[in-house]
Amino acid sequence: MKDDKLRYSAGVKTMQGKLNAAGHSCGTPDGKFGNNTDTAVRGFQRSRSLTIDGKAGKSTLTALDKAGSGGSASTAAKNLKKKLGSIISSFASKHAIGEDVLGGFILTESSGSGFSGGKLLIRFENHIFLKNVPSASKTFKVENKVHYYYKNGKWNKTHTGKRSRLRECLTP
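Per my numbering, the very first residue in the sequence shown carries number 1; after that it's consecutive.
Heads up, simulated DSS-like pairs for lysine-lysine below, C-alpha to C-alpha not over 27 Å straight-line: (1) Lys131 x Lys151; (2) Lys94 x Lys138; (3) Lys13 x Lys78.
In case anyone wonders, no lab produced these hints; they're calculated from the structure.
These numbers come from a predicted model, not from an experiment.
Work out the full structure, taking the sequences as your base and the hints as a guide.
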């Protein structure tokens, strides 16, 4: 089934977040059970010795809930470090951001997916980030409630609508 034919489900979106946190990346949770979600479900099933059918049945969902209940934050952090450790280290060093801080942002703001095509994938409010990470003022600014990021020698707007995502504004 093509992605444009898939229907949205809040339950699928929740499951996608749990799959990402369990180290089985299906990308940014969008509530659509597409190819990436199917691959992540099968990978999770394989890792738990469940029937590998790509279906999110009772046994798969129960195992996914259990995977998330026993220290899921530390498990997610370990999986993120295992998966993206070198790129996080490089990016953090280049932009004078602590690796743990960047990892926390990735886990919180991109559901653990972190990077897309080698570019940082995040969604946040620049003014809050600037308040907590002063060195970010070289990369982000807010003027008259308009948020900007600096790239290729110029300031670019980050938000073009009320809930748009800031994607691909930084390259590691």
